[in-house]
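One-letter residues, chain by chain:
There are 2 protein chains.
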Amino acid sequence: MNTKHQKISVAVDVLLFTITDDKLQIVLTKRSAEPFRDMYCLPGVSLRENETPEEAAERSLKERTGLNDIYLEQLYTFGDVDRDPRSRTISIAYYALTDPEKLLSSKLTEPAILVPADKISNGRIKLAFDHKKIVEYGRMRLRGKVSYSDIAFEFVPEDFTLPQLQKVYEILLGEELYKANFRKMISPRVEETGEMLTGMAHRPSRLYRKKSRQD
Amino acid sequence: MNTKHQKISVAVDVLLFTITDDKLQIVLTKRSAEPFRDMYCLPGVSLRENETPEEAAERSLKERTGLNDIYLEQLYTFGDVDRDPRSRTISIAYYALTDPEKLLSSKLTEPAILVPADKISNGRIKLAFDHKKIVEYGRMRLRGKVSYSDIAFEFVPEDFTLPQLQKVYEILLGEELYKANFRKMISPRVEETGEMLTGMAHRPSRLYRKKSRQD
Chain X
1 MNTKHQKISV AVDVLLFTIT DDKLQIVLTK RSAEPFRDMY CLPGVSLREN ETPEEAAERS
61 LKERTGLNDI YLEQLYTFGD VDRDPRSRTI SIAYYALTDP EKLLSSKLTE PAILVPADKI
121 SNGRIKLAFD HKKIVEYGRM RLRGKVSYSD IAFEFVPEDF TLPQLQKVYE ILLGEELYKA
181 NFRKMISPRV EETGEMLTGM AHRPSRLYRK KSRQD
Chain E
1001 MNTKHQKISV AVDVLLFTIT DDKLQIVLTK RSAEPFRDMY CLPGVSLREN ETPEEAAERS
1061 LKERTGLNDI YLEQLYTFGD VDRDPRSRTI SIAYYALTDP EKLLSSKLTE PAILVPADKI
1121 SNGRIKLAFD HKKIVEYGRM RLRGKVSYSD IAFEFVPEDF TLPQLQKVYE ILLGEELYKA
1181 NFRKMISPRV EETGEMLTGM AHRPSRLYRK KSRQD
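Quick note, the sequences are listed as chains X and E, same order.
For the first sequence, position 127 matches number 127 in this note's numbering, and the numbering has no gaps at all.
If you want this note's numbering, it's the position in the second sequence, counting the first as 1, plus 1000.
Don't read these hints as lab results, they were simulated from the structure.
Ideal Cβ positions, reconstructed from N, Cα and C, are used throughout, including at glycine.
It is possible that some hints are incorrect.
Said to hold, decoys possible - Straight-line alpha carbon distances no greater than 27 Å define the calculated DSSO-like cross-link-like pairs of lysine-lysine that follow:
1. K145/X - K132/X
2. K1167/E - K1210/E
3. K184/X - K1023/E
4. K210/X - K23/X
5. K107/X - K62/X
6. K184/X - K1184/E
7. K1132/E - K1211/E
8. K1179/E - K1145/E
9. K145/X - K1133/E
10. K1062/E - K7/X
11. K1023/E - K1126/E
12. K1062/E - K1184/E
13. K7/X - K1007/E
14. K184/X - K145/X
15. K210/X - K1145/E
16. K119/X - K167/X
17. K1167/E - K1133/E
18. K145/X - K1211/E
19. K1211/E - K1102/E
20. K1030/E - K1184/E
21. K1007/E - K62/X
22. K1107/E - K1132/E
23. K1167/E - K1179/E
24. K132/X - K62/X
25. K133/X - K211/X
26. K1119/E - K1132/E
27. K1119/E - K1107/E
28. K1210/E - K145/X
29. K132/X - K1107/E
30. K145/X - K1102/E
31. K7/X - K23/X
32. K1179/E - K133/X
33. K145/X - K1007/E
34. K211/X - K1145/E
35. K145/X - K1132/E
To be verified - These stretches of chain X come out as covered by chain E in the derived footprint (C-beta under 8 Å, 3 or more residues):
36. 46–60
37. 76–84
Claimed, not checked - Not close to chain E: a few residues of chain X, all C-beta gaps over 12 Å, as computed:
38. V12
39. Q164
40. E195
Take these sequences, add in the hints, and give me the full structure.
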């Protein structure tokens, strides 16, 4: 535990996922300085002495997106020796989830943008540092977690239709689901609000909400 | 990403689990210096500039237990502001798993000892820093992971009997399992070696091994 000769910087980076246009999307920002000047990267901050990593992640989110009070969880700590050309820096990565309405009613602070996760995975958008690795790791975690947790509900508004929720599951899992199977799986976890979603473009649909855990 | 004023130390701590005497056990070491002098804690090292967190975890394991090449995975990064009274220190915690034979054929380096995890959970053994929190988090991860992964196999030798493996599942899950249900669940994942375990104390039992993944 001798820490005398240690010169390691600690960054906290945030992978904010949302779903719009039937695609998993990620918030990126643009670097204004070297290294990797003008390249996109995940929003991040340097961990301050008087804050926890989680508080730093919240600060980063708040600064870039105006969002707070959304789902936030530690993802992994990335520590390759050469991941930052300036100095030894580890990154404690967090991932956050939000439904798009919340994100759009908030404001992305320039130069933050929303890009489809697939464009990072397929290399169309290149990221600074090892941030592509962080994105891939986060997508993997999301895929794994969707099947054993209620994480998918974070991507829909409080009241939602079942087709809306099914679409979220399909996007997160990367595969189409049979409607009957999906409904069977999801029915113990949702309840009708009694309201209908109406609109010009579709038939009225029943609205549902997530059942609270005590049920 | 301004890192100029940052004074944060990075520790890497390792939670090594094994099972002996039908109990989940953890390797602890004793602190020789203040703070928390003479209290038990998890084996840990200070992250060096030229090593990854995983390499630091391997170094710590090797130093304290002589073990290498065992299951090792990052658990979580703990970063409460006051977790170390000396200076701001975050801990990247790893957990490692080994079957007891490997651990016993190796050597615990003084003052490392093996203690039942329950004695930490129930407060009989008090740990330095926030290491109790790390232990609880690790146990939770282990319990969660045992149901959707092959992690339980790490606690048995290469060749094992089914009652041996069932016991491991029961200890990790904290509940007794019906033999018939366990066998049904496990049978696609194991295969007979063709050998028998013989001994004075019990009837001969068939030996099994884990099926390789391509099956």
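- Query: Which numbered hints turn out to be false for this structure?
  - Reply: 3, 7, 12, 20, 25, 29, 30, 31, 32, 33, 38
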